[in-house]
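Engineer: Each chain is listed here by its residues.
There are 2 protein chains.
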Amino acid sequence: MGDVAQRAGVSRTTVSFVLNDRADAGIPDETRRRVIEAAAELGYRPNAGARALAARRSDWYGIVTEIVTAPFAVDVIKGAQDRALQQGKFLLIASSESEVATEAAGIEKLLEQRIEGLIYAATWHRAVRVPEIVREVPAVLVNCFDADGSLPAIVPDEVGGGRHATQRLLDAGHTRIGLITLDPAIPASVGRRQGYEEALVAAGVSVDPSLVVAGDATADGGYAAACELLDRADRPTAIFCGNDRMAMGAYDAIKERGLAIPRDVAVVGFDNQELIAAYLRPRLTTVALPFQEMGARGVEMLAALAAGQPIDTATVTIDCPLIERSSV
Amino acid sequence: MGDVAQRAGVSRTTVSFVLNDRADAGIPDETRRRVIEAAAELGYRPNAGARALAARRSDWYGIVTEIVTAPFAVDVIKGAQDRALQQGKFLLIASSESEVATEAAGIEKLLEQRIEGLIYAATWHRAVRVPEIVREVPAVLVNCFDADGSLPAIVPDEVGGGRHATQRLLDAGHTRIGLITLDPAIPASVGRRQGYEEALVAAGVSVDPSLVVAGDATADGGYAAACELLDRADRPTAIFCGNDRMAMGAYDAIKERGLAIPRDVAVVGFDNQELIAAYLRPRLTTVALPFQEMGARGVEMLAALAAGQPIDTATVTIDCPLIERSSV
DNA sequence: GTTGCTTACTAACGCGAGTTAGTACGAGGG
DNA sequence: CCCTCGTACTAACTCGCGTTAGTAAGCAAC
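As you go down the protein sequences, you meet chains S and W in turn. So the first sequence is numbered by this note's numbering: it starts at 1 and just counts up by one. So the second sequence is numbered by this note's numbering: it starts at 1 and just counts up by one.
Mixed in with the good hints, there may be bad ones.
All copies of an identical chain are treated as equivalent in the list; a pair is satisfied when it fits inside any one copy or across any two copies.
To be verified - Under the rule of at most 20 angstroms between Cα atoms (straight-line distance), these lysine to aspartate or glutamate pairs were calculated in the EDC-like manner: (1) K109 - D82; (2) K109 - E97; (3) K109 - E99; (4) K109 - E66; (5) K109 - E41; (6) K109 - E136; (7) K109 - D21; (8) K255 - D234; (9) K255 - D220.
Note that these hints are calculated values from the structure, not bench results.
My request is simple: use the sequences and hints to build the entire structure.
Structural biologist: This is the structure we're talking about:
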């Protein structure tokens, strides 16, 4: 920076003013131009660490999540990183599944970098107990929530998603719609089922509990549950699967019986896992979890928190849109 | 740090010596203990930015990659991050697919953080043209290579993987083994096919070019190619698919014909995409791309480069192990 | 021709650490 | 009693930058 100043024939302070675009410091255009030119010629690149030190402001947010276990965790990261870049911030990513460090140690590392805020993201929608250390910095939970609601949280609208999926089947003329649910103890299962029932009721279709079967959240679980539904005398004409993996198994069960999708049985999934949904044959109509948007909203809330704006810690829910493909 | 010094009744310098474990500065155990205690009591957390500034050493590596497009990119990150943590380094991740910034802009950001090295990772094995800016810092290519070989590169051993897959089928007694290849212009396709042929030749089985068909790298492509192979009078008893998505399509083709996997037709995939391979029914035997290990090796090479150790820029290949499941 | 007001800067301090050169103290040797 | 020689520290500088307080030059007004 000193070299740039010398080359432009001004002081280091002036260079700082120009490069930081401080309008109040009345620098004439001619001087400004000289400084910018000198910086370009010398290939000057500011030192982010030194700047953070002097400005008492790091321009960094942190995010902790499992990046490998769930393939869609990266979507949260992408959404958050893009939004952060728009704000001139950079996102530091700490994996919470490392073998060489605990989750708390990872957060500790982030705090040593003096991050201005932290996003704590789960790979599947659930209640979590965040490590105490999280509370030392403005924090937002994404795709999870803590039991006592003391931290702001952003979660997918499972109920709405369940409604969208069911409505799509109703719109296609189905009235006997099977539902394969996940582990009934988790929010995804509860919410999606509630949405399913709401949509049926709203359409004046009676809810038949015998059409609801539970299964493992795997392809095998979906296969088994689908078999149960399909082997009834009055088999449903459509199946809403708790997730895409189960839909994968359901496809097998349907095809095995010589039935065609969607002609004989329509299928809707949930999660929109590209690798599955886009490659099943026929391609699977499903409901997307809004990971990117949740990440982006997380950064927005962080910005508000860091700016000291009051935030109602109420949980924010984000819509889960229906992704139309060819299985309905 | 000053507070810690005061509480321990020593100078700031002494605190620095203790916390950085400088053995040369003869600090007696008693003093050391007092300092560590004071730091703990005050909840002292060093400021990484300030430390980097003073020590002229950031302890950061950077990695640039597309994190969303390919689901396994995160494995490279995980492998690299774990190894970096072991070295006391932290990994800064820049997505090269952001809408708000170009790839070069992302790297620029990393350089402003004064990273000590850069990993440039591709999501599929290929030749790349790296932006010039990459050469301003020690850099290693992962899962890709540049045309003129001027940068060290780490790539998967496609040939070995093809050999493993084919050998597994030979071991199971198959001699008529179909191969569904990817776009013949890419290294993955060339290498895997070469491995396939090498294994056959080594086993004394003659290579029948008519058993090799090309297809789109999708489930539909795999389906079409598998149909072609299966509808021959002398259909193969095993199929080696260019990747797992194609295997997914091949499964459909096989099942449609009332054939059983692996009894009538055995299948081997490539890529080990968990979401597919672990959930297909039966579960798919496939070859894994060593993403985590490539990431880890990348960090190791970076450490060597940054330490000024000479490195032959020869490309390093990493073994692609066979993952046994139930389709053979 | 002093005062006062802009305009266009600069000197100097501070951020939180690492590091070098130097010092005070006590023990042991002559 | 003086002179080394470790031992156990400390003062002061430095890293690269942001920022505050201050100043010199030019001009208009009285």
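Engineer: If the cutoff is 20 angstroms on CA atoms, where do K109 and D21 land: within, between, both or neither? Let me know, please.
Structural biologist: So K109 and D21 pass the 20 angstroms test across copies only (18 angstroms; inside, 32 angstroms).
Engineer: Have a look at K109 and E97 and pick one of within, between, both or neither, based on CA distance no larger than 20 angstroms.
Structural biologist: within (14 angstroms within a copy, 26 angstroms between copies)
Engineer: Measure nothing new, just compare the shortest in-copy and cross-copy C-alpha distances for K109 and E41 to 20 angstroms and report within, between, both or neither.
Structural biologist: This pair counts as between: shortest inter-copy Cα distance 19 angstroms, intra-copy 36 angstroms.
Engineer: What label fits K255 with D220 when the C-alpha limit is 20 angstroms: within, between, both, or neither?
Structural biologist: Both: 15 angstroms inside a chain and 16 angstroms across chains, each within 20 angstroms.
Engineer: Please work out whether the CA atoms of K255 and D234 approach to 20 angstroms or closer within one copy, between two copies, in both situations, or in neither?
Structural biologist: Only inside one copy: K255 and D234 sit 18 angstroms apart there, 26 angstroms across copies, limit 20 angstroms.
Engineer: Could you place K109 and D82 in one of the four classes (within, between, both, neither) given a Cα distance threshold of 20 angstroms?
Structural biologist: between (22 angstroms within a copy, 13 angstroms between copies)
Engineer: Is the C-alpha distance from K109 to E99 at most 20 angstroms within one copy, between copies, in both cases, or in neither?
Structural biologist: This pair counts as within: shortest intra-copy Cα distance 15 angstroms, inter-copy 28 angstroms.
Engineer: One pair to classify: K109 and E66, alpha carbons no more than 20 angstroms apart. Within, between, both, or neither?
Structural biologist: within (16 angstroms within a copy, 24 angstroms between copies)
Engineer: Measure nothing new, just compare the shortest in-copy and cross-copy C-alpha distances for K109 and E136 to 20 angstroms and report within, between, both or neither.
Structural biologist: Result: close within a single copy only, 13 angstroms intra versus 27 angstroms inter.
The structure shown violates none of the earlier numbered hints.
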